[in-house]
Amino acid sequence: MLAYEYGTLLVAAAVALWLVLWVGVVIEVVRRRDLGIGGKALWIVIVLVLPFIGLFVYALFRAARPAH
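First residue of the sequence shown: -2, per this note's numbering; consecutive thereafter.
Some hints could be false.
Cβ-Cβ distance ranges computed for the label pairs, FRET-style [to be verified]:
{"#": "1", "residue 1": "Tyr3", "residue 2": "Arg28", "range": "17 to 23 Å"}
{"#": "2", "residue 1": "Gly35", "residue 2": "Ala13", "range": "29 to 35 Å"}
{"#": "3", "residue 1": "Ile43", "residue 2": "Ala10", "range": "24 to 30 Å"}
{"#": "4", "residue 1": "Val46", "residue 2": "Val17", "range": "28 to 34 Å"}
{"#": "5", "residue 1": "Val46", "residue 2": "Ala13", "range": "18 to 24 Å"}
{"#": "6", "residue 1": "Leu7", "residue 2": "Leu32", "range": "32 to 38 Å"}
{"#": "7", "residue 1": "Ile43", "residue 2": "Leu14", "range": "27 to 33 Å"}
{"#": "8", "residue 1": "Ala9", "residue 2": "Val46", "range": "41 to 47 Å"}
Calculated from the structure, these hints are not laboratory results. The structure presented is a predicted model; accordingly, all values stated were derived computationally and were not measured. For glycine and all other residues, C-beta sits at the position ideal for the given N, C-alpha and C.
From just these sequences and the hints, can you work out the full model?
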(Lines of atoms letter the chains of each structure in order from A and count residues from 1; the text may use other names and numbers.)
(Lines give C-alpha, C1' and ligand atoms only; values in the text may rest on other atoms or scores of the structure.)
Protein backbone atom coordinates (compact mmCIF):
# COMPACT_ATOMS: atom_id res chain seq x y z
CA MET A 1 0.00 0.00 0.00
CA LEU A 2 2.78 2.42 0.87
CA ALA A 3 4.58 1.79 -2.45
CA TYR A 4 1.37 2.51 -4.33
CA GLU A 5 0.95 5.83 -2.54
CA TYR A 6 4.53 6.89 -3.27
CA GLY A 7 4.16 5.82 -6.90
CA THR A 8 0.98 7.84 -7.24
CA LEU A 9 2.65 10.83 -5.59
CA LEU A 10 5.61 10.54 -7.96
CA VAL A 11 3.34 10.44 -11.01
CA ALA A 12 1.35 13.43 -9.72
CA ALA A 13 4.58 15.38 -9.16
CA ALA A 14 5.81 14.54 -12.67
CA VAL A 15 2.50 15.64 -14.20
CA ALA A 16 2.54 18.87 -12.20
CA LEU A 17 6.11 19.60 -13.31
CA TRP A 18 5.23 18.91 -16.93
CA LEU A 19 2.19 21.22 -16.73
CA VAL A 20 4.29 24.02 -15.23
CA LEU A 21 6.88 23.63 -18.00
CA TRP A 22 4.17 23.51 -20.68
CA VAL A 23 2.45 26.66 -19.41
CA GLY A 24 5.83 28.39 -19.10
CA VAL A 25 6.73 27.58 -22.71
CA VAL A 26 3.35 28.78 -24.00
CA ILE A 27 3.72 32.05 -22.07
CA GLU A 28 7.29 32.48 -23.31
CA VAL A 29 6.25 31.87 -26.92
CA VAL A 30 3.45 34.42 -26.67
CA ARG A 31 5.76 37.03 -25.11
CA ARG A 32 8.61 36.61 -27.62
CA ARG A 33 9.10 39.74 -29.71
CA ASP A 34 11.31 38.12 -32.33
CA LEU A 35 8.51 35.84 -33.57
CA GLY A 36 5.66 36.95 -35.75
CA ILE A 37 2.08 35.76 -35.36
CA GLY A 38 2.72 32.80 -37.66
CA GLY A 39 5.81 31.69 -35.73
CA LYS A 40 4.02 31.95 -32.41
CA ALA A 41 1.04 30.02 -33.74
CA LEU A 42 3.31 27.32 -35.17
CA TRP A 43 5.19 26.84 -31.89
CA ILE A 44 1.98 26.71 -29.87
CA VAL A 45 0.49 24.13 -32.25
CA ILE A 46 3.69 22.04 -32.08
CA VAL A 47 3.67 22.14 -28.28
CA LEU A 48 -0.05 21.29 -28.16
CA VAL A 49 0.01 18.47 -30.72
CA LEU A 50 3.33 16.93 -29.65
CA PRO A 51 3.53 17.89 -25.97
CA PHE A 52 6.68 16.04 -24.87
CA ILE A 53 8.60 16.27 -28.13
CA GLY A 54 7.41 19.86 -28.67
CA LEU A 55 8.75 21.00 -25.29
CA PHE A 56 12.07 19.28 -25.94
CA VAL A 57 12.43 20.74 -29.45
CA TYR A 58 11.48 24.23 -28.23
CA ALA A 59 14.06 24.00 -25.43
CA LEU A 60 16.74 23.07 -27.99
CA PHE A 61 15.88 25.92 -30.36
CA ARG A 62 15.45 28.43 -27.56
CA ALA A 63 18.90 27.56 -26.21
CA ALA A 64 20.40 28.21 -29.67
CA ARG A 65 18.81 31.70 -29.82
CA PRO A 66 21.22 34.54 -28.98
CA ALA A 67 20.50 36.41 -25.75
CA HIS A 68 19.49 40.07 -25.90
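Hints, one by one, checked against the model:
no.: 1; hint: Tyr3 <-> Arg28: 17 to 23 Å; in the structure: violated (37 Å)
no.: 2; hint: Gly35 <-> Ala13: 29 to 35 Å; in the structure: holds (32 Å)
no.: 3; hint: Ile43 <-> Ala10: 24 to 30 Å; in the structure: holds (25 Å)
no.: 4; hint: Val46 <-> Val17: 28 to 34 Å; in the structure: violated (20 Å)
no.: 5; hint: Val46 <-> Ala13: 18 to 24 Å; in the structure: holds (22 Å)
no.: 6; hint: Leu7 <-> Leu32: 32 to 38 Å; in the structure: holds (35 Å)
no.: 7; hint: Ile43 <-> Leu14: 27 to 33 Å; in the structure: violated (20 Å)
no.: 8; hint: Ala9 <-> Val46: 41 to 47 Å; in the structure: violated (24 Å)
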